[in-house]
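Asks: Now for the letters of each chain:
Number of protein chains: 2
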Amino acid sequence: MPRYLIFSEGQFGTPASKTGNSVIRYSAGHVAAVLDSTRAGQRVQDVLGYGGDIPVVASIDEGVARGADALMVGIAVNGGGLPAEARSAIARSIERGLAIWNGLHTFVADDPELGPLARQFKVEVRDVRRPPADLPVGGGRVREIEQTVVLAVGTDANIGKMTVMLQLRDAMRSRGTRATFAPTGQTGIFIDGWGICVDAVVADFIAGAAESLTLEAARTSDIVLVEGQGSILHPGYSGVSLGLLHGSLPHALIACDQPTRKTFRHNAWLPIPPLGEVIALHEAMAHPLRPAKTIGISLNTVDMSERDARAEIDRVTEETGLPTTDPVRFDAAPLVDAVLAFDAERRAVGAGAVR
Amino acid sequence: MPRYLIFSEGQFGTPASKTGNSVIRYSAGHVAAVLDSTRAGQRVQDVLGYGGDIPVVASIDEGVARGADALMVGIAVNGGGLPAEARSAIARSIERGLAIWNGLHTFVADDPELGPLARQFKVEVRDVRRPPADLPVGGGRVREIEQTVVLAVGTDANIGKMTVMLQLRDAMRSRGTRATFAPTGQTGIFIDGWGICVDAVVADFIAGAAESLTLEAARTSDIVLVEGQGSILHPGYSGVSLGLLHGSLPHALIACDQPTRKTFRHNAWLPIPPLGEVIALHEAMAHPLRPAKTIGISLNTVDMSERDARAEIDRVTEETGLPTTDPVRFDAAPLVDAVLAFDAERRAVGAGAVR
Numbered sequence: 308m309p310r311y312l313i314f315s316e317g318q319f320g321t322p323a324s325k326t327g328n329s330v331i332r333y334s335a336g337h338v339a340a341v342l343d344s345t346r347a348g349q350r351v352q353d354v355l356g357y358g359g360d361i362p363v364v365a366s367i368d369e370g371v372a373r374g375a376d377a378l379m380v381g382i383a384v385n386g387g388g389l390p391a392e393a394r395s396a397i398a399r400s401i402e403r404g405l406a407i408w409n410g411l412h413t414f415v416a417d418d419p420e421l422g423p424l425a426r427q428f429k430v431e432v433r434d435v436r437r438p439p440a441d442l443p444v445g446g447g448r449v450r451e452i453e454q455t456v457v458l459a460v461g462t463d464a465n466i467g468k469m470t471v472m473l474q475l476r477d478a479m480r481s482r483g484t485r486a487t488f489a490p491t492g493q494t495g496i497f498i499d500g501w502g503i504c505v506d507a508v509v510a511d512f513i514a515g516a517a518e519s520l521t522l523e524a525a526r527t528s529d530i531v532l533v534e535g536q537g538s539i540l541h542p543g544y545s546g547v548s549l550g551l552l553h554g555s556l557p558h559a560l561i562a563c564d565q566p567t568r569k570t571f572r573h574n575a576w577l578p579i580p581p582l583g584e585v586i587a588l589h590e591a592m593a594h595p596l597r598p599a600k601t602i603g604i605s606l607n608t609v610d611m612s613e614r615d616a617r618a619e620i621d622r623v624t625e626e627t628g629l630p631t632t633d634p635v636r637f638d639a640a641p642l643v644d645a646v647l648a649f650d651a652e653r654r655a656v657g658a659g660a661v662r
Numbered sequence: 308m309p310r311y312l313i314f315s316e317g318q319f320g321t322p323a324s325k326t327g328n329s330v331i332r333y334s335a336g337h338v339a340a341v342l343d344s345t346r347a348g349q350r351v352q353d354v355l356g357y358g359g360d361i362p363v364v365a366s367i368d369e370g371v372a373r374g375a376d377a378l379m380v381g382i383a384v385n386g387g388g389l390p391a392e393a394r395s396a397i398a399r400s401i402e403r404g405l406a407i408w409n410g411l412h413t414f415v416a417d418d419p420e421l422g423p424l425a426r427q428f429k430v431e432v433r434d435v436r437r438p439p440a441d442l443p444v445g446g447g448r449v450r451e452i453e454q455t456v457v458l459a460v461g462t463d464a465n466i467g468k469m470t471v472m473l474q475l476r477d478a479m480r481s482r483g484t485r486a487t488f489a490p491t492g493q494t495g496i497f498i499d500g501w502g503i504c505v506d507a508v509v510a511d512f513i514a515g516a517a518e519s520l521t522l523e524a525a526r527t528s529d530i531v532l533v534e535g536q537g538s539i540l541h542p543g544y545s546g547v548s549l550g551l552l553h554g555s556l557p558h559a560l561i562a563c564d565q566p567t568r569k570t571f572r573h574n575a576w577l578p579i580p581p582l583g584e585v586i587a588l589h590e591a592m593a594h595p596l597r598p599a600k601t602i603g604i605s606l607n608t609v610d611m612s613e614r615d616a617r618a619e620i621d622r623v624t625e626e627t628g629l630p631t632t633d634p635v636r637f638d639a640a641p642l643v644d645a646v647l648a649f650d651a652e653r654r655a656v657g658a659g660a661v662r
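For the protein sequence lines, the chains are S and B, in the order given.
Taking our numbering, the leading residue of the first sequence gets 308, the next gets one more, and so forth.
Taking our numbering, the leading residue of the second sequence gets 308, the next gets one more, and so forth.
Looking at chain S on its own, in the form it has when it is part of the complex (with noise of 0.2 Å):
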């Protein structure tokens, strides 16, 4: 992994930095510093309220002197290209040795400046939305592992399937148990320092891509978790969600919702099925291939009281009679549980006889 400089010039703190702010929660070991002039001399916590002394600096040189070894680019930029101030940044990372960890869509290895520049101070450049060249056709390899293999699933796209898989890593772990992430998106490769962004592939390596990820991600671990992307019943990015499922066959299945949101996300014409009948037709897509059982719920609740989301949460409880929590706002453990008694319970009766 490496130590990151993030990139937030004159956006740290606001929505913006969404990227950023994950990768600071979920791997805050692994950034030196952030860079944003207009709020440097503050620490990280003092702006979002979470992420201790890791400080705000105002240049490259400062980054590197806090132990940075990579630039992470993973801003939000309207239309393609690189912004100017993105550019010179990381032209002077790259005179000063950083590592590119870009999330952008514009390459930076392909940058007729950059790419040269990089090539020059032999740093590694990691486009990270760049599909990796030689990926396979899907063809159910997952069920040659034995690891329980667990995906987040959505009501919609954006609504939290990869930060309940990041709680759930963090918990599985405190608790002793060997419990990897896998990730398909590039806030979580940033985070986790691997992965692929299985929406940027070539369509028909979709499924190929989620089994090679979760075939790594099995090698070092017991329990699988791989994050979700989009929503098998969203307009734009259903092929994405259901090749993600095909592909990494899962064993269990987490559904997120978000209680408040009602129509797909871009989509305002379309109404939101409810839950009820989403996990439904997960399983029933699922079940051809190899059986998925919906083991728990996460809600996301950010724009709820806490009151209403209290209640939320038990009415979801009710109605579905499965494990339900806001596990950012409340606490993931009825899931780790779930999870859990689902592993040991596939474990005792034999991998085998579960398929």
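Keep in mind the hints are simulated off the structure, nothing from the lab.
Don't be surprised by glycine CBs; every beta carbon is placed ideally from N, CA and C.
Please note that the accuracy of each hint is not assured.
What follows is a set of in silico ranges between Cβ atoms, one per label pair, in the way DEER data are often shown [as the list claims (entries may be wrong)]:
id	chain 1	residue 1	chain 2	residue 2	range
1	B	587	S	349	40 to 46 Å
2	B	426	S	570	46 to 52 Å
3	B	583	S	500	45 to 51 Å
Among chain S residues calculated to face chain B with C-beta under 10 Å, some are [claimed, not checked]:
id	residue
4	513
5	514
6	596
Got chain S sorted already, so can you dock chain B onto it with the hints?
Replies: This is chain B only, laid out in the frame that chain S set:
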């Protein structure tokens, strides 16, 4: 539409010439000649049993003399790259002013020799597997048109989805119906002269590509027949198939099956579920976005005796209650009637009332 010289050197009449054969079957008027020096002097009819007097020739120059204005390269290739014989044929074609329609994964326009040569001779290069640069993310735009949209879906990949739509197109046109075919794969693109290989687009844009194709096809027709791809249960390709369903938002589905096929293509570990289950899953996955009704069954009985084929068609008709036929071997009429009846009913009720 171009007038093709179909490159089939050393393989015309073998299984490797499948793409060219389909173009001859469904677009014979646009085929000037077939290039295969080992068969030169024969008629296509003599080799395939259809295709009439289209000549097989030994050289590019002979193809030009027969009126070709484009070289079509749709051969099967082991591994990547351009085979030497294809490369020299493409070079000679460019020098003779033929457009290049290339279905290989290796793009001619990007080739360090052929790309510049094509630009020098100012010939058009259509690398049909290259996705358009400006695809949108899918967002339900097909809801805005009034045309009836029909999608071919299937129990597996490579089972007859393109074929049934082309049979329907031809039969409807001969009855005076304005029906268009929306090509989603390389063979369909060669046949109709336009389209997008949806399995070659970046995963985030599958539904957007399907949407764009459906809207384009609707501009000149009353009924849009969307070529299906893969299967929503295929371990490798399900994402493509679901994106196609959610992008094209069909009103009606034609379900395709091959009765003798018991497991998924290249996935012998995975049994194909019963046809009724596959139909129910398609309708369940379409419903939240826009309800789709399965209105007919297309069986591929190529590997059955005529007696067995007729018995199977009767059995499936009985079991599903839906018009069923093998539209190539027997008659597409039951499916044509089903589509026209569905379209008439939709229009009678009013497009609004039935969405």
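Asks: All the hints need checking, so say for each whether the structure fits it.
Replies: To see whether the hints hold, each was checked on the structure:
| no. | hint | verdict |
| --- | --- | --- |
| 1 | B:587 - S:349: 40 to 46 Å | violated, 57 Å |
| 2 | B:426 - S:570: 46 to 52 Å | holds, 48 Å |
| 3 | B:583 - S:500: 45 to 51 Å | holds, 47 Å |
| 4 | 513 | holds, 4 Å |
| 5 | 514 | holds, 5 Å |
| 6 | 596 | holds, 6 Å |
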